[in-house]
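**Student:** In the order they appear, the protein sequences are chains C and L.
Count the first sequence with my numbering and you get residues 1 to 172, in order.
Count the second sequence with my numbering and you get residues 173 to 598, in order.
Calculated from the structure, these hints are not laboratory results.
Among the hints, erroneous ones may be present.
Derived, one-sided and incomplete: chain C residues facing chain L with beta-carbon distance under 7 Å [claimed, not checked]:
| # | residue |
| --- | --- |
| 1 | Tyr114 |
| 2 | Ala117 |
| 3 | Val124 |
| 4 | Ser144 |
Below 30 Å or equal to it, Euclidean Cα-Cα: the simulated DSS-like pairs (lysine-lysine) are [said to hold, decoys possible]:
| # | chain 1 | residue 1 | chain 2 | residue 2 |
| --- | --- | --- | --- | --- |
| 5 | C | Lys78 | L | Lys498 |
| 6 | L | Lys510 | L | Lys521 |
| 7 | L | Lys388 | C | Lys78 |
| 8 | L | Lys401 | C | Lys74 |
| 9 | L | Lys401 | L | Lys447 |
| 10 | L | Lys453 | L | Lys387 |
| 11 | L | Lys521 | C | Lys78 |
| 12 | L | Lys498 | L | Lys564 |
| 13 | L | Lys432 | C | Lys78 |
Some residues of chain L that are not near chain C, with every Cβ distance over 10 Å (derived) [unchecked claim]:
| # | residue |
| --- | --- |
| 14 | Ile180 |
| 15 | Leu183 |
| 16 | Pro360 |
| 17 | Glu378 |
| 18 | Pro463 |
| 19 | Glu590 |
C-beta atoms are modelled at their ideal positions from N, C-alpha and C, and glycine is treated no differently.
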Amino acid sequence: MYIGGIKLKKSLLLVSLIGLLVAGCSSTPLDVSTEPSDSSYYGVDAATAEALGLDELRGNVLLSQRSVFFDFNKYDIKPEFQDLIGAHAQYLNNHAPARMTIKGNADYRGSHEYNLALGQKRSVAVKEALNALGVDDSQIETISYGEEYADQECQADACGQDRRADITYEVE
Amino acid sequence: MYSLFYGILLLFSTPIYSLEVIEILGGKASEIPIAIVPFEGSGNISGQKAHQIISSDLNRTGLFRPLNIGGISNPPSNDININYTKWSAMDAQFIVVGKVESENRNTGNIKITWSLIDIFKEKTVISMRYIGKKSQYRAIAHKVSDNVYEHLTGSKGVFHTKIAYVKKFNDKKYSLNVADFDGFNSKPILNTTQPIISPRWSPDGEKIAYVSFEKKKPVIYIQNLRTGKRTLLANFKGNNSAPAWSPDSRKLAIVLTYNKNSQIYIINADGSGIKQLMRSKSINTEPSWAPNGEDIYFSSNRGGSPQIYKVNIENDEITRVTYEGKYNLSPSISYDGKLLLFLTQDQGKFKVAIQNLISNQILKISEGPSDESPLFAPNGHLVLFAYKDYGKTTKIGTVSINGLKRVPISVGNSIIQEPTWGPINN
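Use the sequences and the hints to build the structure in full.
**Tutor:** Pasting the structure below:
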């Protein structure tokens, strides 16, 4: 569902509505049935939103880019993704409570298990690029989906969409 | 999980041939022409008839050429008064004859009496009688195939075994199914909304280990086939995948990541005693236990592209096994330890290949383009694998290890993938 041009998960909205009803700590007048307050908008209280820098996370163009793409059977990070990784590294370094999960993927070609390992290698490659920019391991978890959510009928270049690592945050 | 019927041996002689997997791979064995004569009295049993079941069983192996004898008049149903000259003229080296009768009107049990006859030597090789329920008709026909196979090759048949596979209905519906090796009598043992991969049947036949994405990441379960109950074997940080049973079914090799690359660990089947097998900065995955219990074959990109290696579990000594081709993965070893089965990329196509571990000769036994998940039958004479039907939907089938016969296993219209083969169960 879209609110103010930003995609919100249903569960997040639910949390925000509950937070609203219980806390009612919004700074602006509210109409529950129309639009949630700033705090409910983030799904967390204002102090947490501040500590996590959610304004920055949502407003920054580079931080809104979440996918790093790779070549077939490759896991080295191409130069064009350095800015994206640099922005996320800076965000993590500036906001110690932020927690990132990197989810690696692979195209369908080859075996399910090797693709799971390849997807993991890709998520680890992104993590190590962040480490190199000073990010601590405790802020990052790496997992892989392998080819399990990939397009099983892609042809040639179209399969490139599945060779990627996706960055997600615990709160975003 | 097998329902019982019993067989009585009426006449028995020692097997005629002894055929090793190496001989089959070398292509020295030519297809044996054999006629499976329609069994007398099988007309009133519904579905496929015994002679059709036996023919299609033997046909899958690539070692037999079942003859088309559709128009034959007065087919024999026992080994008395066989017209050897006539069968010899039809190029039959062996024939199988039989009869289906009602054994007991009250219980509805059936009795199948059959013989395997050597036309060249003009003598009966074996005669047997099976008694069982009507619902065991297919199972009894498969046992006849097993006996014919064992007498003509010296190895046990795999026609009375089970397979399991993953069925993907859509992005939100998956099941793990168990079926007869030819796809009949299929039933789900697990239904879930998330992907299932890498099912592996325990060598003792009692359990299946598999990887599930139910917890939003891969974790390993072991499901008991008798009770239907399952236990979580591994749910460590990161990914948990690629379960591989030890030959004694007491341990598994698994792959864990924590926050690093995929590495191989050994864990007891009850989830205790986890330890890392070896350390490297590269991917180590797809472990597969050699029958000697001492070596684990695996795929790794330590040399750049994925290749197959083996590691001795006592001393961590690593040996590279595949050198030909740039992309080799999914290793498994035949039950005599002599053949390596794997997936190889050949001119952009993924094909199933076999490497003779003594001569290192390689034979590609499938055509691609997107074949995967090859595993040996429990006698090492057949391979179960997944392929893309018409280049689109993944299905499963068998391919003989000489590469001559590729036959689908029909289990429905959905995506069928990640098969595993249960042990021979007498």
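**Student:** Which numbered conditions among the earlier hints are violated in the structure presented, ordered from lowest to highest?
**Tutor:** Numbers 8, 19 - these are the hints that the structure violates, sorted from lowest upward.
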